[in-house]
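Engineer: Starting from the known structure of chain A, fit chain B onto it as the hints suggest.
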Amino acid sequence: MKNENQAKPPFKFLRRLLPIDEIDDVDGCFEEMYARAVSQKGTGYAKRWILLQALKSLPGFLTHLIYWKLLMLKNTLGITLRNMLKNKGFFLIKVFGLASGVACGMVVILYVVNELTYDTYHPDHERIYRIANRRITEIGEFSGAETPGPLAVAIKEELSQAENVARVIPPFENSKHVLVTRGENRFFEKQVWFVDAEILKILSIPFLEGSARTALARPKTVVISAGTARKYFGDLPPLGRSLSIELDYDTGAAVTEDFQVTGVVRDAPANTHFKYDMLISMPTLQAYVPSLDQDWGEYHSKRTYVKLGRNVSPEAFARQLRPYSEQIASDFAKRVGKPMRLHEFFLQPLDSLHMKSNLTAETEPTGNMYYVYIYSFAALLILLIGCINFVNLSATLAAARSREVGIRKTLGGSRWDLVFQFLGESQIVTFFAFLVAFAFLSLLLRYFNRMAGTAITFQALGQPLVLGSLLVLFLVVGFSAGMYPALILSRFKPVSILKNQHMPGKQGNVVQRLLVLGQFAICIFMVVCTLVVFHQLTFMKGKALGFSREQKLILEVKSNQAYFRNNYEAIKSDFLKNGGITNATVSSSVPGEAIESGYYLQKGASFIPLNSKRLKVLTVDYDFIRSYGIAMASGRPFQKDVGNDEAAAYIVNEAGAREMGFTTQSVLGTVWTAHYHRKTKSVIGVTKDFHFLGLKDSVEPILLDIENSLLRTITLTLDTKRISQALAAVKETWAVHFPGVPFEYAFLDEMFGKVYQYEEQMGKLLAMISGLGIAIAFLGLYGMVVFYARQRRKEMAIRRVVGASTVIVALLMTRRFVSLVFLAGITAIPLSYVATSRWLQDFAYRIQPGFPVFAFAFLSAFLIAMAAVLLQTLRAARDNPVDSLRSE
Amino acid sequence: MKELTRKEEQVLLAVHHLQDEACLITICEQVFRYTGNRYSPGTIYAPLNRLDINGYIEARSGRNPEFASKKPIRFYRLTPKGHAALVELQKAYSRLWTGFETPAEEKI
Numbered sequence: 008m009k010n011e012n013q014a015k016p017p018f019k020f021l022r023r024l025l026p027i028d029e030i031d032d033v034d035g036c037f038e039e040m041y042a043r044a045v046s047q048k049g050t051g052y053a054k055r056w057i058l059l060q061a062l063k064s065l066p067g068f069l070t071h072l073i074y075w076k077l078l079m080l081k082n083t084l085g086i087t088l089r090n091m092l093k094n095k096g097f098f099l100i101k102v103f104g105l106a107s108g109v110a111c112g113m114v115v116i117l118y119v120v121n122e123l124t125y126d127t128y129h130p131d132h133e134r135i136y137r138i139a140n141r142r143i144t145e146i147g148e149f150s151g152a153e154t155p156g157p158l159a160v161a162i163k164e165e166l167s168q169a170e171n172v173a174r175v176i177p178p179f180e181n182s183k184h185v186l187v188t189r190g191e192n193r194f195f196e197k198q199v200w201f202v203d204a205e206i207l208k209i210l211s212i213p214f215l216e217g218s219a220r221t222a223l224a225r226p227k228t229v230v231i232s233a234g235t236a237r238k239y240f241g242d243l244p245p246l247g248r249s250l251s252i253e254l255d256y257d258t259g260a261a262v263t264e265d266f267q268v269t270g271v272v273r274d275a276p277a278n279t280h281f282k283y284d285m286l287i288s289m290p291t292l293q294a295y296v297p298s299l300d301q302d303w304g305e306y307h308s309k310r311t312y313v314k315l316g317r318n319v320s321p322e323a324f325a326r327q328l329r330p331y332s333e334q335i336a337s338d339f340a341k342r343v344g345k346p347m348r349l350h351e352f353f354l355q356p357l358d359s360l361h362m363k364s365n366l367t368a369e370t371e372p373t374g375n376m377y378y379v380y381i382y383s384f385a386a387l388l389i390l391l392i393g394c395i396n397f398v399n400l401s402a403t404l405a406a407a408r409s410r411e412v413g414i415r416k417t418l419g420g421s422r423w424d425l426v427f428q429f430l431g432e433s434q435i436v437t438f439f440a441f442l443v444a445f446a447f448l449s450l451l452l453r454y455f456n457r458m459a460g461t462a463i464t465f466q467a468l469g470q471p472l473v474l475g476s477l478l479v480l481f482l483v484v485g486f487s488a489g490m491y492p493a494l495i496l497s498r499f500k501p502v503s504i505l506k507n508q509h510m511p512g513k514q515g516n517v518v519q520r521l522l523v524l525g526q527f528a529i530c531i532f533m534v535v536c537t538l539v540v541f542h543q544l545t546f547m548k549g550k551a552l553g554f555s556r557e558q559k560l561i562l563e564v565k566s567n568q569a570y571f572r573n574n575y576e577a578i579k580s581d582f583l584k585n586g587g588i589t590n591a592t593v594s595s596s597v598p599g600e601a602i603e604s605g606y607y608l609q610k611g612a613s614f615i616p617l618n619s620k621r622l623k624v625l626t627v628d629y630d631f632i633r634s635y636g637i638a639m640a641s642g643r644p645f646q647k648d649v650g651n652d653e654a655a656a657y658i659v660n661e662a663g664a665r666e667m668g669f670t671t672q673s674v675l676g677t678v679w680t681a682h683y684h685r686k687t688k689s690v691i692g693v694t695k696d697f698h699f700l701g702l703k704d705s706v707e708p709i710l711l712d713i714e715n716s717l718l719r720t721i722t723l724t725l726d727t728k729r730i731s732q733a734l735a736a737v738k739e740t741w742a743v744h745f746p747g748v749p750f751e752y753a754f755l756d757e758m759f760g761k762v763y764q765y766e767e768q769m770g771k772l773l774a775m776i777s778g779l780g781i782a783i784a785f786l787g788l789y790g791m792v793v794f795y796a797r798q799r800r801k802e803m804a805i806r807r808v809v810g811a812s813t814v815i816v817a818l819l820m821t822r823r824f825v826s827l828v829f830l831a832g833i834t835a836i837p838l839s840y841v842a843t844s845r846w847l848q849d850f851a852y853r854i855q856p857g858f859p860v861f862a863f864a865f866l867s868a869f870l871i872a873m874a875a876v877l878l879q880t881l882r883a884a885r886d887n888p889v890d891s892l893r894s895e
Numbered sequence: 032m033k034e035l036t037r038k039e040e041q042v043l044l045a046v047h048h049l050q051d052e053a054c055l056i057t058i059c060e061q062v063f064r065y066t067g068n069r070y071s072p073g074t075i076y077a078p079l080n081r082l083d084i085n086g087y088i089e090a091r092s093g094r095n096p097e098f099a100s101k102k103p104i105r106f107y108r109l110t111p112k113g114h115a116a117l118v119e120l121q122k123a124y125s126r127l128w129t130g131f132e133t134p135a136e137e138k139i
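Which chain is which? The protein sequence lines are A and B, in order. Residues in the first sequence are numbered consecutively from 8, following the numbering used here. Residues in the second sequence are numbered consecutively from 32, following the numbering used here.
Hints were generated in silico from the structure; no laboratory data involved. Accuracy of the hints is not assured; some may be wrong.
Restricting the straight-line Cα-Cα distance to at most 20 Å, the calculated cross-link-like pairs of lysine to any residue (SDA-like) are [unchecked claim]:
(1) A:K63 <-> B:S71
(2) A:K54 <-> B:S71
(3) B:K101 <-> A:R43
(4) A:K771 <-> A:L451
(5) A:K63 <-> B:Y76
(6) A:K63 <-> B:T74
(7) A:K54 <-> B:P72
(8) A:K610 <-> A:T677
(9) B:K102 <-> A:R43
(10) A:K620 <-> A:Y683
(11) A:K48 <-> B:S100
(12) A:K703 <-> A:L847
(13) B:K38 <-> B:T74
(14) A:K610 <-> A:V678
(15) A:K48 <-> B:N68
(16) A:K63 <-> B:P72
(17) A:K548 <-> A:F850
(18) B:K101 <-> A:A42
(19) A:K48 <-> B:S71
(20) A:K771 <-> A:V379
(21) A:K282 <-> A:A233
(22) A:K54 <-> B:S100
(23) A:K48 <-> B:P72
(24) B:K102 <-> A:A42
(25) A:K63 <-> B:A77
(26) A:K63 <-> B:N80
(27) A:K282 <-> A:T461
(28) A:K208 <-> A:G316
(29) A:K579 <-> A:D726
For reference, chain A alone in the conformation it holds in the complex:
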């Protein structure tokens, strides 16, 4: 007895491997031989011996297994194809439902992978960091991706743990519109940077022409991307030729000079936070700003990237930066007379910059995890609807295959054999669905790219991460969609089937009905979400914003800014001379773009940052308030003929007055000094609040000041009747004042539309997804009803013979589905209420999703379900009863 127990594990193993018909022959023999081996040579030897025996039978076992599995596969394939051809309609519904779900899933996988793999293509990216700073002063707390210029120099000279360090600096004021000229080719470039040559050792910027070692060593040299090279030089070799570039060196005025092209690099890929078209050598900037390497107090726009040595922890390195922080803090205290409460540098891993960093002075808008979640969730839902369709139709059709199952079981198929067969079938259908999904994908991607502003290509499918997730998706979808039907089908008892006692579909009913319920619940949920998004959008678009944005033509002055700022009155009056222009004004920014500049205001006649208030600032001219139709709450607007408003007057909005600590009346006449120009002016008026950035956020405190140094845009109000004529005239006047500068214009309401672009993208995406979801659910339900109607044909015929009318019979069939849709509504509506309220919380001005939204969503689902059911049942009920009953 004891011996047997010890012997168990190896015997079990052996028994698994031996062919079934041989086990009886040899089992006893093996036990006897094992017992002998134990008595002669000990248990250890015996165990080894039996294991060896088991291993010896392995090759035979494997060939056997593979041979039969292949044979079964061939059979499964044949049966699957035969079933497909027999039920073409059902099969198409299954495949297309699944395919649309899978295609959505694929797009989202591509999108998510694109968002999450930002900057992972640089070699050693895990050792590369951007240095950012956090500082707390009397005024407040700041976190920025900026560093003082000398930091990189100090790290290079004093800290050996850093392998490479480099600065990246945009050309300050005109960084988003650098005018580049070569002969007739003049364009505004957006991605122009001053860089230290060492950046080429940190980031992967491969050279196509020229040499990375020498390209950025001398002043007045520029390295351009391949795309930029084509734009300016066409087929000419760009190396050694020159480009004329207008750059702002933060010295007050932009300077136009010739630069020599010393290198051509590959275009920046889509998934990097640092996009570049032109890289200008740092010595160029150093020549204009000699203090660049010395001034520790100046942060403006200077980013520092560092590549740490192997085995250097970022925390340890950040600790080494502390002495610099302390130095900066004490310098600040000496200069300003106030202590700096905190100053510290911290390291941000390169690959986290896109998704996880959101500081001031990012190089480009960072990704938003929120949208990644929403899009993933939406895709998951639609995938779920597709899978449910598949499950339901397969389970419904299972009834028709009960005989096949009966025969297979009688012939010796075990339940698990059948489960595997049906799982295999569902994998085959999933495979077809994937093929169709790939076809959908190319269409869908184009649409998605346009909506989400991404540039994902079909080629992105080749990434190992994407391929891996697609494989997982394939297996999960095939498995989850096939498991339930497989279990249902394999459960049939052969005896009852073959005796014809079987009531097909009975056992599956509860689960199937739950699944249909789920499908419709998802549909209702998505329709509510879509409606709420669109409702909120129309609400925001329709609500009065406190300023007029009709017929406004915006001209942004990107070049020759100094000339513009000193002569804007003359330029304005030249524009007004043209017919068709009713108003002209200049300002530092226009509605629809975030106001970036701000003043610290100190009450009284001098500026000591004691308890200053921060207000966003709009620098304007005398005509701004009238031109934009902004109403006054108290006081008066700027007026040329009353006193000297340019030197002595501020205007704030209502929120601004509150921020300053006064009411709209009491703030009038108070005197304030701004940190920016140290001018002391008094408040002469308060405007009503106007929503410069739309209704997403609440109104910011804004100060209006007549001050020419920040002016950047011209706003012309056009006469509706003569727009094209006016445009031509405007272009001529532009050419007079800004010769050689490309004429670019935009209409304010178009620009302003971009304020809500993310919400609109989401609305469109949700509309598409819920439309798709409803279509799939409709088809699935329709398929199910077709089958039920076919099964209950005789019942209906008998009812009609006995005297029921067509409508009554049809309603009888409909009843079960109607209750399902009601239940779906009851589950989905609270959920969607919670989800949409959460989304709406992010808006300062929002709608309250009311009864009509939910009623509409519910009704649309209800009507669609009714349509699916009635279409079929009415037809079935109208059939001549004789046709259905004759056969027996």
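Structural biologist: Frame of chain A; chain B shown alone:
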């Protein structure tokens, strides 16, 4: 009649000698006694199975009380066809070997 291989011949003889005791293990031992070689059960099983299929021997299920295993084991015995084959073999051998004298130095 098909000619038997050497191994089949040995197994067939062993089954004949062992009478009711003939099962895989005892056959292995018997063959060892004939030849002095320890063949593994697997080596013996192949000719045994072949003989079974070709109808020289027949199998039945039984137990050997001396064995440790309490499971039924296959026992084999000759069929008339198997017996005839052995008789045939003996005749063939005696024909083959008539007139052969063992060399003197190996006699001892």
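Engineer: Compare the structure with each hint and give your call.
Structural biologist: Verification of the supplied hints:
1. A:K63 <-> B:S71: The hint holds at about 12 Å.
2. A:K54 <-> B:S71: Distance ~16 Å between K54 (chain A) and S71 (chain B) Cα, so the pair holds.
3. B:K101 <-> A:R43: holds (14 Å)
4. A:K771 <-> A:L451: Roughly 13 Å separates the two Cα atoms, so the pair holds.
5. A:K63 <-> B:Y76: Measuring from Cα to Cα gives roughly 14 Å; hence the hint holds.
6. A:K63 <-> B:T74: OK: K63 (chain A) and T74 (chain B) at ~12 Å, within 20 Å.
7. A:K54 <-> B:P72: holds (16 Å)
8. A:K610 <-> A:T677: Holds - the C-alpha atoms of T677 (chain A) and K610 (chain A) are around 8 Å apart, at most 20 Å.
9. B:K102 <-> A:R43: holds (15 Å)
10. A:K620 <-> A:Y683: Given that 20 Å is the threshold and the Cα spacing comes to 13 Å, the pair holds.
11. A:K48 <-> B:S100: holds (18 Å)
12. A:K703 <-> A:L847: holds (10 Å)
13. B:K38 <-> B:T74: holds (9 Å)
14. A:K610 <-> A:V678: holds (6 Å)
15. A:K48 <-> B:N68: Between K48 (chain A) and N68 (chain B) the Cα gap is close to 19 Å, so the pair holds against 20 Å.
16. A:K63 <-> B:P72: Distance ~12 Å between K63 (chain A) and P72 (chain B) Cα, so the pair holds.
17. A:K548 <-> A:F850: holds (13 Å)
18. B:K101 <-> A:A42: The given pair, whose Cα atoms are some 12 Å apart, holds under the 20 Å limit.
19. A:K48 <-> B:S71: holds (16 Å)
20. A:K771 <-> A:V379: holds (16 Å)
21. A:K282 <-> A:A233: Roughly 13 Å between the alpha carbons, so the hint for K282 (chain A) and A233 (chain A) holds.
22. A:K54 <-> B:S100: holds (16 Å)
23. A:K48 <-> B:P72: Between K48 (chain A) and P72 (chain B) the Cα gap is close to 18 Å, so the pair holds against 20 Å.
24. B:K102 <-> A:A42: holds (13 Å)
25. A:K63 <-> B:A77: Between K63 (chain A) and A77 (chain B) the Cα gap is close to 14 Å, so the pair holds against 20 Å.
26. A:K63 <-> B:N80: Judged against 20 Å, a Cα distance of about 18 Å means the pair holds.
27. A:K282 <-> A:T461: Status holds; Cα separation ~14 Å.
28. A:K208 <-> A:G316: The given pair, whose Cα atoms are some 13 Å apart, holds under the 20 Å limit.
29. A:K579 <-> A:D726: Judged against 20 Å, a Cα distance of about 16 Å means the pair holds.
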